[in-house]
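Participant: Spelled out, the chains give:
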Amino acid sequence: MSRGKRLLAPYFLILPGGVWLLLFFIVPMITMLSLSLQQGDVVSGYVFTGHWQTYVDAIVDYKTQLIRSLIYGAIATILLIVVAFPVAYWIAFYAGRRKATFLFLLLLPFFVSFVLRTISWRQILTDEGFLLGPLKDAGLLSAGFHILGTPAAVIGGLVYNFLPFMVLPVYVALERIDPRVVEAARDLYATPLTAFRKVILPLALPGVFAGVLMTFVPASSDYVNSAVLGSSSTTMIGQVIQAQYLTSSNYPTASALSFLLMAVLLIGVFAYARALGTEDVMKVAAR
Amino acid sequence: MPSLNDPAFLRGMTQSRFGRRDALRLSGLSAVAMALAACGVEGTGKTAASAPAPDAVAKFWAGKKGTGKLDFANWPLYMDPKQPELKKFTAATGVTVNYQEVIEEMAPWFAKVQPQLAANQSIGYDLMVITNGIQFKQFVDSGFLAPLDHSKLPNYVANAAPAYANESFDKGNVYTVPFTSGISGIAYDPAKTKRPITKLADLWDPAFKGKVGMFSDTQELGNFGMLVLGIDPADSTPEDWKRAAAKLKEQKDAGILRRYYDQSYIEAIGNGEVWITQAWSGDIFQKNVSDGTNLQFVIPEEGGTLWTDNFAIPITASNPVDALTLIDFFYQVDIAAELAEYISFVCPVPAAQQKIRDDAAKATGDDQKSLAAIAESPLVFPVEADYSKLHYYRDFKTAAEQQEYQSTFEPIVLG
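Chains as they are written, first to last, in the numbering used here: chain A, 1 to 287; chain B, 1 to 415.
Only true hints are included.
Ranges between beta-carbon positions, derived for each pair:
| no. | chain 1 | residue 1 | chain 2 | residue 2 | range |
| --- | --- | --- | --- | --- | --- |
| 1 | B | V102 | A | L135 | 32 to 40 Å |
| 2 | B | P115 | A | I78 | 34 to 42 Å |
| 3 | A | L22 | B | A165 | 52 to 60 Å |
On the chain A side, residues computed to face chain B include the following (Cβ under 7 Å):
| no. | residue |
| --- | --- |
| 4 | D41 |
| 5 | V43 |
| 6 | T126 |
| 7 | D127 |
| 8 | E128 |
| 9 | G144 |
| 10 | H146 |
| 11 | G149 |
| 12 | S231 |
| 13 | T235 |
| 14 | V240 |
| 15 | L246 |
| 16 | S249 |
Keep in mind that the hints were calculated from the coordinates and are not lab data.
By construction, the Cβ of each residue, glycine as well, lies at the ideal position given by its N, Cα and C atoms.
Work out the full structure, taking the sequences as your base and the hints as a guide.
Facilitator: Here you go:
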């Protein structure tokens, strides 16, 4: 290969990714930013006026939903760690030759569409359904008792739907731990608990971090779970954005809210990375 | 231009030569500003009154020919699922109809088809049924509706109740003719509420905590918020809207409200998710007939609202001639009667009442009872006295007024 070709190669290599990024990320972002600064109505059209006030109004009108989304996202993420860690731990250390089988079983439900799975929960949990109906008939629950439409139903849906995105990264991190490291800890008179705390947990942390990234961000901006399992008092910010775009045709407010959400999530993620004290935690997570 | 092989140039290209801030200040900012301003969203610019040019009808229909097929967008529960009327239409005219129940609420429907219509593209439907209200006005003001050629609507001219041509949202039926009218009232399941429901205040009763449904459509919702306070929506002021909004918020914050629904409210009351809900008259009868439920519909003491769902042909329709033929077909007395017998909404063809009475006389047993009930039902053929309890939607004179209304009620629905 000639010297010239060798020097040009990197540019050719980044070309597909670069074009992709330009077309599907940068162009839409600029369009959205522009939209958020426009004024008008859907009949006479929206015109760019640099109207930043939309952001202020959006925060004032929908801060409740924004904060609620972050709280639901955070609770769901914590529950996900609690549920996913033991599962990943067990598969990584105790599943033996059947690791692949268990991972496949874990992923199996997720071959069904996201929305369909959520709707099926709706069928199961419905007020007079086969779960709550008999309990109500037996007088164990009051006639007005319901699970659907409560924050618990929405958060439960989030945990259920995002489970593999937490289990898999944690599993990958745990699976990579050399068993001899743990043996060494035990040889040095560490109790099983200490070995877990001082050896396994720190080594698993990048996996947990990756899991948090992959669940907290989409969970906070999710709108399907709240739309299907929630009620009018569990509205999340994703639903507000969706309704502003697809019900009210209020593009500026919808775009402004999207940017605000993105900003809040980015700040949150970086603050979390900082707090974790890992310098290049992103790099570690992507390993 | 330096050589691409120059390592210094390459480094320059791949590493930042100056800070992000400088980049913005130097060139980026103006370029970004220009890019931002360049992506405005085009409206259709037609802000003038909705009266069309005198030759609009001739212009639109000139050279348009039948194609033998059409796509029809309607709401659920607006036709017998076996579609007998459409089968008869196909048998009579040879035109095949692709019937889709895709409209569940007006605002999302408008938001969905608006971009295509604004770009002058087909929305995939040649005929749609739209309710009078905010989005109806937006359809008209944007110039999205084809003006109807009344000379091709002989049955409509002969059989429609004359009152419809005077409705303020489309005087003279320039763009639309009624498919059916209906009444917004309350539906409830007496087995669950354990008492008859008579008034709007029952929707605020803490005894039904978490079991009350309301509509998510801001006009439907706002109307009931006003009526419960004794305000007539048609003459309401922005001050009234705020009071109604506060009343509705109270219902939500107290946890009495389960959620705001579109057409899906009918499943919610069917499966016990709600016991009492804002509802559309004919839906409840159909639900009782098709699913054997025993739901009740009442026009509340404080009053209900009357609305009209209208046939409209989008301006970009590919088969407008066949759509027009189908509209007129629904104005045949027999067809109008058959439709009303099934859907139990207000029939725009007065002569259909006698037809249904005749059908009842011929029928036997339960059929006879239910047909006779429909023929005399004030919900299908209201008489003057019934209208006194019914209220009309607020007409918005300006876009600003309408936006103020929306921004009063929207945050409640999106709570």
